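Peer 1: In terms of the UniProt record's numbering, the sequence shown is residues 1 to 595.
Rather than coming from a laboratory, the hints here were simulated on the basis of the structure. Please read all numbers here as calculations on a predicted model, not as lab measurements. A few of these clues could be false.
[Unchecked claim] Pair by pair, the computed Cβ-Cβ distance ranges are:
hint, residue 1, residue 2, range
1, Leu554, Arg34, 38 to 48 angstroms
2, Gln382, Asp237, 37 to 47 angstroms
3, Phe290, Cys587, 23 to 33 angstroms
4, Glu86, Thr329, 51 to 61 angstroms
5, Tyr420, Glu514, 20 to 30 angstroms
6, Leu554, Tyr420, 26 to 36 angstroms
The beta carbon of each residue, even a glycine, is placed where N, CA and C say it ideally should be.
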Amino acid sequence: MPNILRREDVAFWLYDFLDLEALSQLPHFADADRSVYDAILDSVEKIAEERYQPHAQKLDANEPEFRDGSVHIIPEVKEALDAFCEAGLMGASFDADDGGLQLPYLLQTAISAWFSAANWGTSGYTGLTVAAGNLLAEHGSEEQKNRFLRPMIEGRYFGTMALSEPHAGSSVGDIRTRAEPQEDGTYRLFGNKMWISGADHEMSDNIVNLVLAKIPGGPAGVKGISLFIVPRYLINDDGSRGARNDVRLAGLNHKMGCRGTVNCVLNFGDKDGAVGYLVGERHHGLQYMFSMMNEMRIGVGLSAAALAETGYLHALDYARDRTQGRKLTDRDPSTPMVPIIEHADVKRMLLQQKAYAEGALGLCFYAARLADELRAGDQAMQEKAGLLLDILTPIVKSWPSEFGLRANEIAIQVFGGAGYTRDYPVERFYRDNRLNHIHEGTRGIQGLDLLGRKVPMRGGASFKTLVGEIKGTVKEASGMADFADLAEALERAVDLAAATTATMAGKAEQLGQEAYLANATIYLDMLGHVVVAWVWLRQALAADGARADGADALCDGKIAACRYFFRYELPTMESQCALLARLDKTCLETPAEVF
Numbered sequence: 001m002p003n004i005l006r007r008e009d010v011a012f013w014l015y016d017f018l019d020l021e022a023l024s025q026l027p028h029f030a031d032a033d034r035s036v037y038d039a040i041l042d043s044v045e046k047i048a049e050e051r052y053q054p055h056a057q058k059l060d061a062n063e064p065e066f067r068d069g070s071v072h073i074i075p076e077v078k079e080a081l082d083a084f085c086e087a088g089l090m091g092a093s094f095d096a097d098d099g100g101l102q103l104p105y106l107l108q109t110a111i112s113a114w115f116s117a118a119n120w121g122t123s124g125y126t127g128l129t130v131a132a133g134n135l136l137a138e139h140g141s142e143e144q145k146n147r148f149l150r151p152m153i154e155g156r157y158f159g160t161m162a163l164s165e166p167h168a169g170s171s172v173g174d175i176r177t178r179a180e181p182q183e184d185g186t187y188r189l190f191g192n193k194m195w196i197s198g199a200d201h202e203m204s205d206n207i208v209n210l211v212l213a214k215i216p217g218g219p220a221g222v223k224g225i226s227l228f229i230v231p232r233y234l235i236n237d238d239g240s241r242g243a244r245n246d247v248r249l250a251g252l253n254h255k256m257g258c259r260g261t262v263n264c265v266l267n268f269g270d271k272d273g274a275v276g277y278l279v280g281e282r283h284h285g286l287q288y289m290f291s292m293m294n295e296m297r298i299g300v301g302l303s304a305a306a307l308a309e310t311g312y313l314h315a316l317d318y319a320r321d322r323t324q325g326r327k328l329t330d331r332d333p334s335t336p337m338v339p340i341i342e343h344a345d346v347k348r349m350l351l352q353q354k355a356y357a358e359g360a361l362g363l364c365f366y367a368a369r370l371a372d373e374l375r376a377g378d379q380a381m382q383e384k385a386g387l388l389l390d391i392l393t394p395i396v397k398s399w400p401s402e403f404g405l406r407a408n409e410i411a412i413q414v415f416g417g418a419g420y421t422r423d424y425p426v427e428r429f430y431r432d433n434r435l436n437h438i439h440e441g442t443r444g445i446q447g448l449d450l451l452g453r454k455v456p457m458r459g460g461a462s463f464k465t466l467v468g469e470i471k472g473t474v475k476e477a478s479g480m481a482d483f484a485d486l487a488e489a490l491e492r493a494v495d496l497a498a499a500t501t502a503t504m505a506g507k508a509e510q511l512g513q514e515a516y517l518a519n520a521t522i523y524l525d526m527l528g529h530v531v532v533a534w535v536w537l538r539q540a541l542a543a544d545g546a547r548a549d550g551a552d553a554l555c556d557g558k559i560a561a562c563r564y565f566f567r568y569e570l571p572t573m574e575s576q577c578a579l580l581a582r583l584d585k586t587c588l589e590t591p592a593e594v595f
């Protein structure tokens, strides 16, 4: 049984749920069709099974080491990355003018999910490179794209983003790394960065660091941040690799999971200053970086969902094979034991995992579809997709990170005592997935972004658009006997969410912004549950339409998971809304000294 991802599930999400083939009708994607997509997925599945998954446990046990001045990584990682690059997968979604295949980001998302599920540590290097490359494709000059982006798409250079600093953490406006302008138009950077994934290794010809820094004399805080390309090695005029830049690895961070992606402390400018090249305009760096960060936030949610799904598939396989106990109605000890999947509580755990993991994957794939519409659609399509992506991005990052992790926790429980050992990979999936809470902004930061910025922005346009889309699905499902009860439940939920949001906004004028945002994380979970319920109903409708004649286990499974989510999960938002509507200040007003 496949236990990375199931091909039939991926086909359902791409073709039945989100109609990937329809994107070929847009001129930007007109050169590819399903035969091309399926051929690429064949290659992806093969590389994931043969090159990525086999060394995942070894990589977890033998994480990168810093010795003799360089980073040492087990050789299987480079072999896997070479296979990825040789297949042309690094350039799948990049424009043909930049050297890419110009395929939909939705397909790229399926590719990323497969490799994240197979071996998240190894897949981190290419995920970072694609995100860094997309930033350069959008904001870099033609010279910068020729010098740095094309080698990244070819797989010769890898990319990173260097944002965090030890003293500042998520408070980006307090960074101290400075960039001194030079007469030749370059800059010299001085400072240090922390938690930089993929920033030092020997698996590529060069590493392109995208670094946030401040030019002396610029505005204070976030308005004074600029963005720079700081390569590990300088590049000669003929494109060959030149001298080592003044970027030094100061040490490695050793995390509880995702151990295979080297995580670095970098020093810039220990000698004469690290040579950097300004991207775009001065003091617009955070704006440029956010285009990468938003993509990375979707990527974090996708990784969380993929890890949840592979954990679910491993648990499902184990539950079908593991025999223990008998049915409660069978009191004869001489009868054979049954597979544990026959027990109601194990079915509950499997349904909960499936509802979390496949709800999260459906959400991430939907966000990728919106990104394609934003990139290649007409004006009306772009406007709508942009509004939806604005409000969904913090949910796409955080909901899978929270509930995908819970799915991995449940997978361990399905295995029983065996799940807590390293004899099975589910404990590793849990450790790996735990990092997604912190990557690209904590849940608290995502909640503040959602409630403080995305909900009220442009007069609530994004929120209203989301509600309108959910109501459209409610209307569609209401006319179908098998789904009318779900449509009614979703309509109650979205109406309650909208009413609660309006109540909170009204009370904020009296009680202040701090009270309004005090429970932003709870709001994030509440709205996330409504959104995922909507995604599940859309998946159920797609499954109903895709049923083959007679029994169809895949489609029946989607509908069963949808019903589970509506009956067991969606009702939790009611108590959350009651708390939110009061603008409860318990947490805000608890004095620090009482802890």
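Peer 1: Against this structure, judge whether each hint is valid.
Peer 2: Evaluated hints:
Between Leu554 and Arg34, the C-beta spacing of about 18 angstroms breaks the proposed range 38 to 48 angstroms. Between Gln382 and Asp237 the beta carbons are some 39 angstroms apart, a value that agrees with the proposed interval 37 to 47 angstroms. Taking the beta carbon of each, Phe290 and Cys587 are about 28 angstroms apart, inside 23 to 33 angstroms as hinted. Distance hint check for Glu86 and Thr329: the Cβ-Cβ separation is about 57 angstroms, which falls inside the suggested range of 51 to 61 angstroms.
Taking 20 to 30 angstroms as the suggested C-beta distance range, the pair Tyr420 and Glu514 does not conform, at roughly 42 angstroms. In this structure, Leu554 and Tyr420 meet the distance hint of 26 to 36 angstroms, their C-beta atoms being roughly 31 angstroms apart.
Hint compliance for this structure: hints 1, 5 are broken, all remaining hints hold.
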